[in-house]
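Visitor: Sequence:
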Amino acid sequence: AALVMGDALAVSLLEARGFTRDDFALSHPGGSLGRRLLLRVGDIMHVGVDMPSVPESALISHALLEMTEKQLGMTAVVEADNRVVGIFTDGDLRRMLGRNLDINKTAITEVMTSHCAVISADMLAAEAMKIMEQKKINALIVVDERQCAIGALNMHDLIRAGIV
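Residue numbering for the sequence shown follows the numbering used here, starting at 418 and increasing by one per position.
No lab work stands behind these hints, which were simulated from the structure alone.
Among the clues, some could well be false.
[Unchecked claim] Quick list of in silico lysine-lysine cross-link-like pairs, DSS-like style, CA-CA up to 27 Å:
| no. | residue 1 | residue 2 |
| --- | --- | --- |
| 1 | K553 | K487 |
| 2 | K547 | K487 |
| 3 | K487 | K522 |
| 4 | K487 | K552 |
[Said to hold, decoys possible] If you anchor each label on the Cβ, the simulated ranges turn out as follows:
| no. | residue 1 | residue 2 | range |
| --- | --- | --- | --- |
| 5 | D460 | N521 | 35 to 43 Å |
| 6 | R563 | A433 | 42 to 50 Å |
| 7 | T530 | D467 | 31 to 39 Å |
| 8 | R457 | R516 | 37 to 45 Å |
| 9 | S429 | G579 | 14 to 22 Å |
| 10 | R516 | G435 | 17 to 25 Å |
| 11 | L430 | D539 | 28 to 36 Å |
| 12 | V581 | I520 | 47 to 55 Å |
Beta carbons are placed, not taken as given, at the ideal position from N, Cα and C, and that holds for glycine.
Produce the entire structure from the sequences given, and follow the hints as far as they go.
Guide: Structure representation (structure tokens):
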């Protein structure tokens, strides 16, 4: 009974002071609520040499090597100025298997997904997870304000970060 009264008193004080979920997250950044409310995509995305990316002129074979090396199950497909034109994923690979394409002669642009979902580095990681769930995808390309690829994020990154 004493614990219940103590909890009730604590909750009443928090409500009276206007203590919000955001305040709690700032006070407990290591907890699951703190991570969900504070962790940004930029904190956990793959960047630089760890980000899978191929030019739009690449062949499927080049994209597959990039995906294998970076181990994210996807690669961004970019223009010369690094603007995203599409994404090539494990799912795209499975869908192309019945087409009898020569991976050493076919351009990645013939099998990639154009108009792919992209996110910004300042987005909450929890929001990125919602996008993945809604679109039933496992990876996202992170872009800057010019739509240039600056990073990549997949579901495993969110699991490791404690978001899922």
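Visitor: Decide, hint by hint, whether the structure agrees.
Guide: Checked hints:
1. K553 x K487: Given pair K553, K487 holds - Cα atoms ~22 Å apart, limit 27 Å.
2. K547 x K487: holds, 24 Å
3. K487 x K522: Measuring from Cα to Cα gives roughly 22 Å; hence the hint holds.
4. K487 x K552: Holds, at about 23 Å.
5. D460 x N521: 35 to 43 Å: Between D460 and N521, where Cβ atoms are some 39 Å apart, the hint holds.
6. R563 x A433: 42 to 50 Å: holds, 47 Å
7. T530 x D467: 31 to 39 Å: 22 Å Cβ-Cβ, so the 31 to 39 Å window is violated.
8. R457 x R516: 37 to 45 Å: Cβ of R457 to Cβ of R516: about 39 Å, so the range 37 to 45 Å holds.
9. S429 x G579: 14 to 22 Å: violated, 30 Å
10. R516 x G435: 17 to 25 Å: violated, 59 Å
11. L430 x D539: 28 to 36 Å: holds, 33 Å
12. V581 x I520: 47 to 55 Å: violated, 33 Å
The structure fails to meet hints 7, 9, 10, 12 from the earlier list, while all remaining hints are met.
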